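S.K.: Going line by line, the protein sequences match chains A and B. Letter 60 of the first sequence, counting from 1, is numbered 60 in full-length UniProt numbering, and no numbers are missing. Letter 175 of the second sequence, counting from 1, is numbered 175 in full-length UniProt numbering, and no numbers are missing.
Hints are supplied without guarantee of correctness; some may be wrong.
[As the list claims (entries may be wrong)] With a straight-line Cα cutoff of 30 angstroms, these simulated DSBU-like cross-link-like pairs (lysine-lysine) come out:
1. 315(A) x 53(A)
2. 299(A) x 144(A)
3. 148(B) x 114(A)
4. 239(A) x 156(A)
5. 144(A) x 336(A)
6. 142(B) x 114(A)
7. 144(A) x 142(B)
8. 299(A) x 148(B)
9. 142(B) x 299(A)
10. 142(B) x 143(A)
11. 261(A) x 315(A)
12. 34(A) x 114(A)
[What the hints assert, rightly or not] One side of the interface only, derived from the structure: several residues of chain B facing chain A at Cβ under 7 angstroms:
13. 34
14. 39
15. 42
16. 230
17. 232
18. 238
Calculated directly from the structure, the hints in this document are not laboratory data. Note that this is a predicted model, so its numbers are computed, not measured. Glycine included, every Cβ here is placed at the ideal spot set by N, Cα and C.
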Amino acid sequence: MRKKTWLLTFAAMGVALGLGSVAAVPANADTADKKIALSNNYAGNSWRQAMLKSWEKVTGQAVADGIVAEASAFTTSENQVTEQAAQIQNLILQGYDAIVVNAASPDALNGAVKQACDAGIVVVSFDGIVTEPCAWRIAVDFKKMGAIQLDYLAEKIPDGGNVLEIRGLAGVFVDDEIHAGIQEGVAKHSQFKIVGSVHGDWAQEVAQKAVAGILPSLPEVKAVVTQGGDGYGAAQAFKAAGRPTPLIIMGNRQDELAWWKEQKDANGYETMSVSIAPGVSTLAFWVAQQILDGQEVPKDLVVPFLQINQGDLEKSLETTEKGGVANVEYSLDDAKAVIAGK
Amino acid sequence: MLQRFVNPRLLRSALPALSFAILLVAIFYTQPRTMSYFGLNLMLQYAVPIALATLAQMFVITVNDLDLSIGPFVGLVACIGATFLYETPLLGILMLLGCILLYAAMGALIHLRNLPSIVVTLGMSFVWLGIAVLVLPTPGGKAPEYLKALMSLQVPLVPFPIVAAIVIAVVVHVALMYSSYGVVLRGAGGNPRAVARAGWSLLKTKMIMFGLAGFFGVLSGLSLIGLTTSGDAHIADRYTLYSIAGAILGGAEFVGGRVSPVGAVLGALTLTLAGSFLIFLRVSPDWQIGAQGAILILVLALRALISRGEVR
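Generate coordinates for the entire structure from the input sequences, incorporating the hints supplied.
M.R.: Listed below in structure tokens is the structure:
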């Protein structure tokens, strides 16, 4: 009986030692021969260009460091579901171990994604996520992105007032989500009232025209809630109408940040800016690498969005290219933090 | 000199098969992994809906017209398939039948008012797209289980897309090229006046050909959602160009009722393979459309060369 206990103790120690040595091996040991591909559906705006650049930069370093064998980016020539599905199938045939997807459609790629999973390939979708259960999703909490704008307003303007909402592209899921978040925020902070809502299509010119069109019919506007890419246009519309500039939430675009800085220097203007960093592609890369490494990763991850506050304005503006979007690239440790749910 | 040994007519009809074979060998060479049941299945899966859309286009080309609305039409069918056909099958089937009838009516309109088909179909393409967006405003819906099961069928030995392509090609080829009414239908494109003089109704032939195009468009849309498992109004926007390119690659001519169903199916397969080939070669996406065009021009140039021999 006593002998048996000893044996058990030794066995336990052996297991513990074994585990210890496994943990001591750097996490990149198991993925050195793995190949990861990026399947991207669109490259036609500044956000996507920044996304691809970030991918190239971070994965290029990872390949050079021997963390993975290859990490190529593939973009379909036109934003078409069938084309991307065929592209994913071809990536399966090329023997990639993981495919990172920014999908053209949340549902219509499910067939191809399932085939990839069945072939033993890890599929990680981000930004444009897929609903197929076998894939991982790095989603943006767009609802929260809407809600925090009202939280910020409540802090800055405790008395509340009239709010103008600029929405995105009608019929797109992201627009609906942010809008829902803003409505939630208004319900929570009932001192604010949405007096008008226009579609700015995430573009400054469109937003400017839309705001200019609705302004004459509006009472005094205290604040403008936005979806990104529309704050500068809104500011211009207010200026052209000769009305006092309200508190406009910005969306991390360079022109918006530059305008904010100008106002800040001139009259101490205060606001905040929020959007998703295009570098989220690099987060998806590290998540795929971690899954290949054998780490336990939950299927649904939430990516933190990039918020710029009054204090970080100068620094963010400095690092943002003209015509670009404020960006942040993720490191392996960032990915581990996201996976751990921190 | 060469013409004496090689019959240009034979060469011309062999050209689609030849270009397909060359491309296939090139793909096997660059990516040997494709040379398997699994590989061929994956690579050619999306060729099935394209082949069906190409045949639809070919029917319209047979009667000297061109259909610029087939892509959005396939998208509409996909949307109906992912919504009504799934939730209320009977209503879904009725709607799809209605779509086919509308297509036939479009043929009648083009014939009766003597309108250019390009204008009518271009206009209709926006109508189809509009209805599709009404049916399914944001991408989603669910494909009926039987469609999914059919499209992911595992046939022993030969991958399903190849079996499907052969069956589709042979059935249409026999019906159009060897049946007596098939000859009349092609004649309506080759020499409409003679066909009319012989007592055949040109209106009827046009309606039948457009109706067939609608029918194959429906088949294309249903097979497409069988693969994607859900619908999207813009799912098949590219199909208009694919179908024209596929039909022409397959030996069809824009006028004269000169078409080949087997060729059209091969043309669709070739187009699909060309896309894969360029990805395997790692051609940058900016160049891919251009490269695909170059392949098209190459094949057409070859055909023009052969045709010249034929005339002599």
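S.K.: So, for every hint listed, does it hold in this structure?
M.R.: Each hint, compared with the structure:
no.: 1; hint: 315(A) x 53(A); verdict: 20 angstroms, holds
no.: 2; hint: 299(A) x 144(A); verdict: 20 angstroms, holds
no.: 3; hint: 148(B) x 114(A); verdict: 12 angstroms, holds
no.: 4; hint: 239(A) x 156(A); verdict: 22 angstroms, holds
no.: 5; hint: 144(A) x 336(A); verdict: 22 angstroms, holds
no.: 6; hint: 142(B) x 114(A); verdict: 15 angstroms, holds
no.: 7; hint: 144(A) x 142(B); verdict: 29 angstroms, holds
no.: 8; hint: 299(A) x 148(B); verdict: 25 angstroms, holds
no.: 9; hint: 142(B) x 299(A); verdict: 22 angstroms, holds
no.: 10; hint: 142(B) x 143(A); verdict: 25 angstroms, holds
no.: 11; hint: 261(A) x 315(A); verdict: 11 angstroms, holds
no.: 12; hint: 34(A) x 114(A); verdict: 20 angstroms, holds
no.: 13; hint: 34; verdict: 5 angstroms, holds
no.: 14; hint: 39; verdict: 5 angstroms, holds
no.: 15; hint: 42; verdict: 4 angstroms, holds
no.: 16; hint: 230; verdict: 4 angstroms, holds
no.: 17; hint: 232; verdict: 5 angstroms, holds
no.: 18; hint: 238; verdict: 6 angstroms, holds
Violated hints are absent here; each numbered hint is respected by the structure.
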